[in-house]
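Trainee: Chain by chain, the residues run as shown.
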Amino acid sequence: MKNISKDLVAASCIPLVLSILEEGEDYGYSIIKKVMAASNNQLEWKEGSLYPVLSKLEKNGYVNSDIRTENGRKRKYYTINKPGKSKLAELREEWLLITKTMDTLWIPKTTI
Amino acid sequence: MDTKDYYIVKEEIALVISELNSKEILSSQDKIEIEDHFYCDVEELVNSGLSTKEALLVARSRFGELDGIREDYEIVKPESNLLYFGVIGILIFSCVKGLYVAIDILSNLFWYTFSVLGQSVRKDNLWLDIPARLFLFISGIMLMLHFVKRSKIINFNRFWYIPLIYLLLEVLGGILDFFILQEFFRRSFHNTDSHALLLQMENLNIISWFLGLSIISIISSFSLLKLKRNENRYV
Numbered sequence: 000m001k002n003i004s005k006d007l008v009a010a011s012c013i014p015l016v017l018s019i020l021e022e023g024e025d026y027g028y029s030i031i032k033k034v035m036a037a038s039n040n041q042l043e044w045k046e047g048s049l050y051p052v053l054s055k056l057e058k059n060g061y062v063n064s065d066i067r068t069e070n071g072r073k074r075k076y077y078t079i080n081k082p083g084k085s086k087l088a089e090l091r092e093e094w095l096l097i098t099k100t101m102d103t104l105w106i107p108k109t110t111i
Numbered sequence: 000m001d002t003k004d005y006y007i008v009k010e011e012i013a014l015v016i017s018e019l020n021s022k023e024i025l026s027s028q029d030k031i032e033i034e035d036h037f038y039c040d041v042e043e044l045v046n047s048g049l050s051t052k053e054a055l056l057v058a059r060s061r062f063g064e065l066d067g068i069r070e071d072y073e074i075v076k077p078e079s080n081l082l083y084f085g086v087i088g089i090l091i092f093s094c095v096k097g098l099y100v101a102i103d104i105l106s107n108l109f110w111y112t113f114s115v116l117g118q119s120v121r122k123d124n125l126w127l128d129i130p131a132r133l134f135l136f137i138s139g140i141m142l143m144l145h146f147v148k149r150s151k152i153i154n155f156n157r158f159w160y161i162p163l164i165y166l167l168l169e170v171l172g173g174i175l176d177f178f179i180l181q182e183f184f185r186r187s188f189h190n191t192d193s194h195a196l197l198l199q200m201e202n203l204n205i206i207s208w209f210l211g212l213s214i215i216s217i218i219s220s221f222s223l224l225k226l227k228r229n230e231n232r233y234v
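Order-wise, the sequence lines are chains U and W. Per numbering that gives the first Met the number 0, the first sequence starts with residue 0, numbered consecutively. Per numbering that gives the first Met the number 0, the second sequence starts with residue 0, numbered consecutively.
The shape of chain W in the complex, shown without the other chains:
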């Protein structure tokens, strides 16, 4: 291949790579192997008697449609998409906060049972709650880390259901809090107008929180599930 032909090939390869990499998905190693592929193919075709331009056309056609290949790369490398990191962030948040909410629910149920059984909740009893929660929280986190460490490949897509479980726990916790709150306001405020206003404000707060949380959790779960399904594709 003379210098002029070499530059023609180089230009065509650069064009293919830039088109494939329009979403910044290719690593430097990917670019190296695509470049190598084209040089090998063109060299072989030129040696079989084609001109450089003809060889380039054949090599380009053999390589396949760039849109399809780009899509395959996107499936293989979801981390090239910035939104993916957002979803992973939500997943981690759901794990940690979900654990906290679960402990909160257990604790509320414990104190509820405690009071139903006729035991008064004394201040010194409440102090037991903090170390117990801390213990559960730390052991939960350690279990989670152990699980992540054991799986050789950390594949976040597998945990698509976590945001949904977190949402469910929040709803459960919210329902529990809602009834406790009603009781709290009923006892604390003798002025029924202030009571109603505060309750209304609190309810609006809870509703907007759940609405936002539901949207975020469902979208995150759906994105992770979609990625998981794509993983089962052969590419």
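Just chain U, with the same shape it has in the complex:
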């Protein structure tokens, strides 16, 4: 597992969560597992820090939530909504620009 800086993990948290929710409704624990799987278990996340992020996304009106009971246990499901999709598109653009810049700078220099 790669120990990525806390700031970078925090900065990527919202686009990661919104990207997962774009695929379909989901709940906290499953979102964490999907992020781990997408990074081949390379991303080390303090799992508890996801919940304030989800709370913030809900408060800012990017996701909707509802509580359902499954096998006698209550579970909170999140769904991305229209403002959330626009936010994700905006964040995707920003991240693509950053990765493109990094790629340009870090591409192995070919010797002539």
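Not one of these hints is a red herring.
DSS-like cross-link-like pairs, simulated, lysine-lysine; straight-line CA separation at most 25 Å:
1) U/Lys5 <-> W/Lys227
2) W/Lys148 <-> U/Lys81
3) U/Lys58 <-> U/Lys86
Here are some chain W residues pointing at chain U (derived, C-beta under 10 Å):
4) Asp29
5) Glu32
6) Glu34
7) Cys39
8) Ala58
9) Arg61
10) Gly63
11) Glu64
12) Leu65
13) Gly67
14) Glu73
15) Ile74
16) Val75
Quick caveat, the hints were computed from the structure, so don't treat them as lab data. For every residue, glycine included, the Cβ atom is placed at its ideal position computed from N, Cα and C.
Once you have looked at the hints, place chain W on chain U.
Mentor: Same frame as chain U, but now just chain W:
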């Protein structure tokens, strides 16, 4: 998971939640999802071969430090703090009173210009002042409400500068009143001792009002600005 293990897990979850919720920041929905998280994690770890106690230890360590998570919740939910409502109250008061003071300043300047131009301020002219003030006040309030209604999320932190603007307007109004008051006392009291005493009392009154107002406005603005800055954090 047998009944005994189930109670061990339940107890640990209750402990985590009570520690996280020491400042009463968690809603019932937050508690549900934290509970669900722990049950899912422990179940998965137990299925992979760990004992319940071992699974709990791993789940607890994966969850992260509770102090940090609590701080993140506090940033996301400033309304869980009672002081926040106090600051919002001051913000609303600043908006309404600020508007009133602004109209007062405009009105004073208008009458001042009126008298400078050599027009005498007659009693019937003064009656024009009340409907004009009411009109400005109501239209100002309506504009404010329209602005609040248009923004989809009412985010009070964005208005951190309002108490400062109100303070500035009060200072401006106060300066204007101060000079008018000097003139008023000079004309009204021929007895210079009574004049000086009343003026001194009035000045003390104004100074204490501004001192209190400055403290409250600056603290409110600072609190709102701090919350706004925290909002820009990714959590």
